[in-house]
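Asker: Got chain H; can you put chain L on it based on the hints?
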Amino acid sequence: MVVRHALRNALIPVVTLGALELGTLLSGAVLTEQVFSIPGFGKLIVDAVFNRDYAVVQGVVLCTALAYIFLNLFADIAYALLNPRLRA
Amino acid sequence: MTAEPLAAALIAVERAEAPWQRTLRQLAHRRLAMAGLAVVLFFIVLAILAPLVSPYDPLATSWSAVRKPPSFAHPFGTDEIGRDVLARIIWGSRASLAAGLVSVSLALAAGVPIGLISGYLGGFVDGMLMRMIDAMLAIPFLILAIALAVFLGPSLANAMIAIGVSQTPIFARLTRGQVLVVRHEDYIEAARAVGNSHHRIVLRHILPNIVPPLLVQATLAAAAAIIAEASLSFLGLGEQPPDPSWGSMLNTAKNFVSQAPWMALWPGLAIFLLVLSLNLFGDGLRDALDPRRG
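Protein sequences, first through last, are from chains H and L. Mapping the first sequence onto the numbering used here, position 3 (from 1) lands on 3, and the numbers just tick up by one. Mapping the second sequence onto the numbering used here, position 148 (from 1) lands on 1148, and the numbers just tick up by one.
There may be inaccurate statements among the hints.
Some chain H residues close to chain L (C-beta under 10 angstroms, calculated; not the full set) [unchecked claim]:
1. Thr16
2. Val49
3. Val60
4. Phe74
If you're looking for bench data, these hints aren't it; they were derived computationally from the structure. We treat Cβ as the ideally placed atom computed from N, Cα and C, and that holds for glycine.
With the rest of the complex left out, here is chain H (with noise of 0.2 angstroms):
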């Protein structure tokens, strides 16, 4: 009972919410990477930056932007099975 009537309803916060940190997280993935040597796509635009190689950063930057907006789009759609009040 709790899964279905209080984790339903308690989760819709939470997803609006995951869907507007996935932005930080992929923003922070860059220092992380840096840190860590992660050779990852936040190392791939730090490197791409020092070799002045302005297309892989247009790349780097085209995918982060598609993936974020990607993942917004199944935050929403996750709303809208979570709370059916949403689907109109």
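Answerer: Below, chain L without anything else, positioned relative to chain H:
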């Protein structure tokens, strides 16, 4: 302060209290907000008086004092080429505070007019402007700032511009939302009925009424801008060596964390304190400006 303005202020409180007076009174009651304000003011004074209070030249190196732990001569220790960490913290506060002030001013100067035009005119102009703002909001804040800083070239001034531009959409959105609320109020209709021009309605009747939320957002955005400046400097896109900045101090310190933890501790603590205080002050300001709270 002389007695006269004070007495006048007291009478004003007894009579009809002006909104800003009520806000100040509310704000003065919030301990956390006042503590935040005190710390922010402390850092501002520190930045202004840097040449007077700094014990050493922040750029002066000393090969006899390389990575020395805190002592009486160097209260915060010294860094990898013998520069005094305390002096660099004091001078570094200039970069951080300037970044907070300049980038938020830029974001306000660009974002507020866009929001005013968009919210007031509506229709096609609104649609166009908001889609552009949406496109900017789709890119995470720091990634956008990094990308802009790259294209402008690494320097503190360019980092401030990059942060300001990245924050513009937030202000444009907020302003537009507030304008949409305010423009249907009766006093706007009255102002138009009396024959005010659109120009005058926007600047004299709408703008003053949407200042409070903008003020709160500006305080919180200044905190975000300081973190962003530290992040950009950390990555080498902000203040260029050897000029001191908290972010670049952290960057060099990360290579010596096990041998010289004080190199990382103080700049980290300074960023933490300044941002926390700004956020506390912003939160207090928001509560004080909210007429629903007693």
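Asker: Where does the structure disagree with the numbered hints, that is, which hint numbers, in rising order?
Answerer: 1 and 4
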